[in-house]
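**Student:** Sequence:
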Amino acid sequence: MKKIVLFVIVGLVGVFMFILPDLPMVELMMQRNNWLIASAQVEDVTVDSIPLSLSKIRYKIFIEYTYTVNGTAYHNNDIQNIGMILPPSSTKESTKQYMLGKFPIGKVLQIHVNPQNPSQSTVPEFHTMSFTSVFIGVAMVVVSIVMIGLELLKQNRNA
12 MKKIVLFVIV GLVGVFMFIL PDLPMVELMM QRNNWLIASA QVEDVTVDSI
62 PLSLSKIRYK IFIEYTYTVN GTAYHNNDIQ NIGMILPPSS TKESTKQYML
112 GKFPIGKVLQ IHVNPQNPSQ STVPEFHTMS FTSVFIGVAM VVVSIVMIGL
162 ELLKQNRNA
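Just so you know, the sequence shown maps onto residues 12 to 170 in the working numbering.
Watch out, some of these pointers could steer you wrong.
No more than 30 Å apart at the CA atoms, straight line, and that leaves these computed lysine-lysine pairs for DSS-like [what the hints assert, rightly or not]:
#1 107 <-> 71
#2 118 <-> 103
#3 165 <-> 13
#4 71 <-> 118
#5 103 <-> 113
#6 113 <-> 67
#7 67 <-> 103
#8 71 <-> 113
If you're looking for bench data, these hints aren't it; they were derived computationally from the structure.
Work the whole structure out from these sequences, hints included.
**Tutor:** Right, dumping it as structure tokens:
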């Protein structure tokens, strides 16, 4: 019985730590399949720092951009969903300069625009998903189910 509880816990860890956090990203990716692709121009890049520990800092990257859909101009911003983890010697300014190298002001980039609500848009490269974490979560759940099944079979044979 203790083994079954352990396998249930492993499966739940897989679900809650690896699968559930990525579900909103999966939903967004599926929605974006039906969205328009438009060109946008980078207006600004800002960086927020969030200390994770004494030795690590997480940077949240915000990009502001303008675009036009059906003759109407829009101004929007997007947040990178996966923050960069850099050593504390990095600063907000050095991270901003790095991101401005990737997204210089004036750069034209492709965005996805909601055709039902053109004021809603995303920068696709800001919303990538780690299929590795989903794979790990699914593997943990599958292994847990198999191990629970084997343990139940073993208990039935011994009964």
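**Student:** State for each hint whether it applies.
**Tutor:** Hint check:
1. Annotation: proposed proximity of residue 107 to residue 71 holds, straight-line Cα distance about 10 Å (limit 30 Å).
2. Restraint check for residue 118 and residue 103: the C-alpha separation of about 21 Å stays at or below 30 Å, so the hint holds.
3. Between residue 165 and residue 13 the alpha-carbon distance is near 13 Å, which keeps this suggested pair within the 30 Å criterion.
4. Distance restraint check for residue 71 and residue 118: the Cα-Cα separation of roughly 20 Å lies within the 30 Å cut-off, and the hinted pair is therefore satisfied.
5. Restraint check for residue 103 and residue 113: satisfied, since their Cα atoms lie roughly 15 Å apart, inside the 30 Å limit.
6. For the given pair, residue 113 sits about 22 Å from residue 67 by alpha-carbon distance, which is consistent with the 30 Å threshold.
7. Annotation: proposed proximity of residue 67 to residue 103 holds, straight-line Cα distance about 13 Å (limit 30 Å).
8. Our distance criterion of 30 Å between C-alpha atoms is met by residue 71 and residue 113, whose separation comes to about 15 Å.
Checked against the numbered hints given earlier, the structure satisfies every one of them.
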